[in-house]
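Residues per chain, in single letters:
Protein chains: 2
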Amino acid sequence: MSDPIALISNIRSDDEASYLSALASAMPAENVVLFRQMSAEQRARVQIAIVANPDPANVAALPNLVWVQSLWAGVEQLVTRLVANGPPIVRMIDPEMSRTMAEAVLAWTYYLQRDMPAYLRQQRQGLWHQYAYRKPSTLTVGILGLGSLGTAAAVRLGEAGFKVAGWSRSAKRLPGVQTFSNDDGLITMLRMSDIVVCLVPLTAQTHGLLHAALLSVMKPGAGLINFARGPVVVTDDLLAALDCGHLSHAVLDVFDEEPLAPDARLWQHPQVSVLPHISAPTDFETAAAVIAANVGAYRANGALPCSVDLVLGY
Amino acid sequence: MSDPIALISNIRSDDEASYLSALASAMPAENVVLFRQMSAEQRARVQIAIVANPDPANVAALPNLVWVQSLWAGVEQLVTRLVANGPPIVRMIDPEMSRTMAEAVLAWTYYLQRDMPAYLRQQRQGLWHQYAYRKPSTLTVGILGLGSLGTAAAVRLGEAGFKVAGWSRSAKRLPGVQTFSNDDGLITMLRMSDIVVCLVPLTAQTHGLLHAALLSVMKPGAGLINFARGPVVVTDDLLAALDCGHLSHAVLDVFDEEPLAPDARLWQHPQVSVLPHISAPTDFETAAAVIAANVGAYRANGALPCSVDLVLGY
Chain R
575 MSDPIALISN IRSDDEASYL SALASAMPAE NVVLFRQMSA EQRARVQIAI VANPDPANVA
635 ALPNLVWVQS LWAGVEQLVT RLVANGPPIV RMIDPEMSRT MAEAVLAWTY YLQRDMPAYL
695 RQQRQGLWHQ YAYRKPSTLT VGILGLGSLG TAAAVRLGEA GFKVAGWSRS AKRLPGVQTF
755 SNDDGLITML RMSDIVVCLV PLTAQTHGLL HAALLSVMKP GAGLINFARG PVVVTDDLLA
815 ALDCGHLSHA VLDVFDEEPL APDARLWQHP QVSVLPHISA PTDFETAAAV IAANVGAYRA
875 NGALPCSVDL VLGY
Chain Y
575 MSDPIALISN IRSDDEASYL SALASAMPAE NVVLFRQMSA EQRARVQIAI VANPDPANVA
635 ALPNLVWVQS LWAGVEQLVT RLVANGPPIV RMIDPEMSRT MAEAVLAWTY YLQRDMPAYL
695 RQQRQGLWHQ YAYRKPSTLT VGILGLGSLG TAAAVRLGEA GFKVAGWSRS AKRLPGVQTF
755 SNDDGLITML RMSDIVVCLV PLTAQTHGLL HAALLSVMKP GAGLINFARG PVVVTDDLLA
815 ALDCGHLSHA VLDVFDEEPL APDARLWQHP QVSVLPHISA PTDFETAAAV IAANVGAYRA
875 NGALPCSVDL VLGY
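Sequences listed follow chains R and Y, in order.
Going from the first sequence to this note's numbering is simple: count from 1 and add 574.
Going from the second sequence to this note's numbering is simple: count from 1 and add 574.
Because the hints were derived from the structure by calculation, they are not lab data.
Owing to the predicted nature of the structure, the values given are computational and were not obtained by experimental measurement.
A few of these clues could be false.
Subject to a maximum C-alpha distance of 30 Å in a straight line, what follows is the list of computed DSSO-like cross-link-like pairs (lysine-lysine) [claimed, not checked]:
#1 Lys737(Y) <-> Lys709(R)
#2 Lys709(Y) <-> Lys709(R)
#3 Lys737(R) <-> Lys793(R)
#4 Lys737(Y) <-> Lys737(R)
#5 Lys746(Y) <-> Lys737(R)
#6 Lys709(Y) <-> Lys737(Y)
#7 Lys793(Y) <-> Lys709(Y)
#8 Lys793(R) <-> Lys709(R)
#9 Lys746(Y) <-> Lys709(Y)
With these hints in hand, go ahead and build the complete structure from the sequences.
Structure, rendered in structure tokens:
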């Protein structure tokens, strides 16, 4: 049997157990062991760590670590905490997660397009009023971030008949999607979009990306969906844009602090839908299969999977 | 110019004006006139009436009427009121309406699959709790009624990855859909479905179709979407099934009386989402194009479009 693989996680214990079981099934020839249950001798032999919200001290306690596999797509905390002389970090890029995220984007785009928040408000008031139906072909959905998740969402929205625009740091081309890059392109895309969907990674560049000045160039009455990371949107600026009637509604799945504090203003805001970070949960089985493929290639020929650029942060 | 076509409607005046304008654009060689603005001489020359919720006396006041074109897909009131010695009734079958309805079915299927009602309840309580994600491939959506709307919905749900079952009065085959007919088939389909979608026409046979006994065979925790007609579901039986916890949630777009009475219990029920009959509004332009094609064929060679079977009721 190979040297053990360490699983270092700080997540719900039932999730941890599910990962451990899925990893064991996907890699029967490997020995995946919880870090906290490893002996010093075992730790010294670990080349690969699989991590979810790990304590950096635990990662540092593996002297022969060669690379780190994140269970999550978002690695901003790993990048911040493990950067100094750390081993390469591999993000979770799972086609099943892209599918799930694209589905979530379509589901909550329909939620806004079909005026579900307005009908739910009316219901509480016993009010029967029909809003004019808006065909997808008359609405533009603008996607911030065209990585694996943003690209999958763009394709799915296009298939559903929406006009799709997309913005990314570096210029990209996608069939059927009007793409933009750089600061001017960001403003152009925000101006034309009826619904804006955030799917950028959280980096130094995207921290606070959607602040008052950029929210103010959005279309009057536009909606916002944040499925990326809380700090990409400046919460107070978003609330101001909703309160003054410039934006109609925000669907937020991510927050500056999670869980969202019980006294946060967002919970009770009538133009905000709060979701508890559920847009695209990791699928234990498919994630384990992706990791098994990465580990298999490394064991076969020492090849490291494509890793995070620590300067770009993703 | 041909003999005038009568538009007999009892709908919102702005909708009436939109229809009139769309019909004029779609049939520039025809003279579509509001019934109430017609002279007796004009009424005597009318062969075609286009109707939406018409007063039967007005239809009877057209002595040379050959056929009636409904602006709506649901014709249960026309069938009831105009049946005696009446002219053939042609339903609105508009591919754009099928598309819109299929979209509504997918949108509110996602609403249930993604636990949006539960997250909205949690939000009001300031509660952060994640429900286990349910993949579409693990859920069966059962469609009652496989006409043009039900078929379009089945295809769309299948494309989105759901398992799809369908029930219709007469046996039908649809690729990728597990189809059922007759009473036993109805029970089998209700038993296996996580979400049931009503898209049957309202007829003597479907009036009260979903009553206590049939609701009780549905899967515990299942959801119900009624986009057909209110009386297809027995409201009190549905409320009982929700109250006892057998069913999880109902999305209702149609009611025994519309608008829903201000004091109806449904408005305030936490497991009911009330919509004001908005699932698939008629598109004035595409509906006018469908009518123009029907009228054109009739003018060219006297051919009547396929009409409603008055015994079946649709």
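Item to complete: With a cut-off of 30 Å on the C-alpha distance, tell me whether lysine 737(R) and lysine 793(R) pass.
Response: holds (15 Å)
Fill in: Given hint lysine 709(Y) paired with lysine 793(Y) - CA-CA distance at most 30 Å
Cα-Cα ~17 Å, so holds.
Item to complete: Please work out if lysine 709(Y) and lysine 709(R) have their alpha carbons no farther apart than 30 Å.
Response: holds (27 Å)
Worksheet item: Given the proposed pairing of lysine 746(Y) with lysine 737(R), does the C-alpha separation stay at or below 30 Å?
Response: violated (35 Å)
Practice prompt. Could you grab the alpha-carbon distance between lysine 746(Y) and lysine 709(Y) and see if it respects the 30 Å cut-off?
Written response: Roughly 27 Å between the alpha carbons, so the hint for lysine 746(Y) and lysine 709(Y) holds.
Practice prompt. Given the hint that lysine 737(Y) pairs with lysine 709(R), test it: the Cα-Cα distance must not exceed 30 Å.
Written response: holds (26 Å)
Worksheet item: Is the Cα-Cα distance between lysine 793(R) and lysine 709(R) 30 Å or less?
Response: holds (17 Å)
Item to complete: For the pair we were handed, lysine 737(Y) and lysine 737(R), check the Cα-Cα distance against 30 Å.
Response: holds (28 Å)
Discussion item. Hint check: lysine 709(Y) vs lysine 737(Y), CA-CA at most 30 Å. Holds or violated?
Written reply: Roughly 10 Å separates the two Cα atoms, so the pair holds.
In summary, the structure is inconsistent with hint 5 from the numbered list given earlier, while agreeing with all the others.
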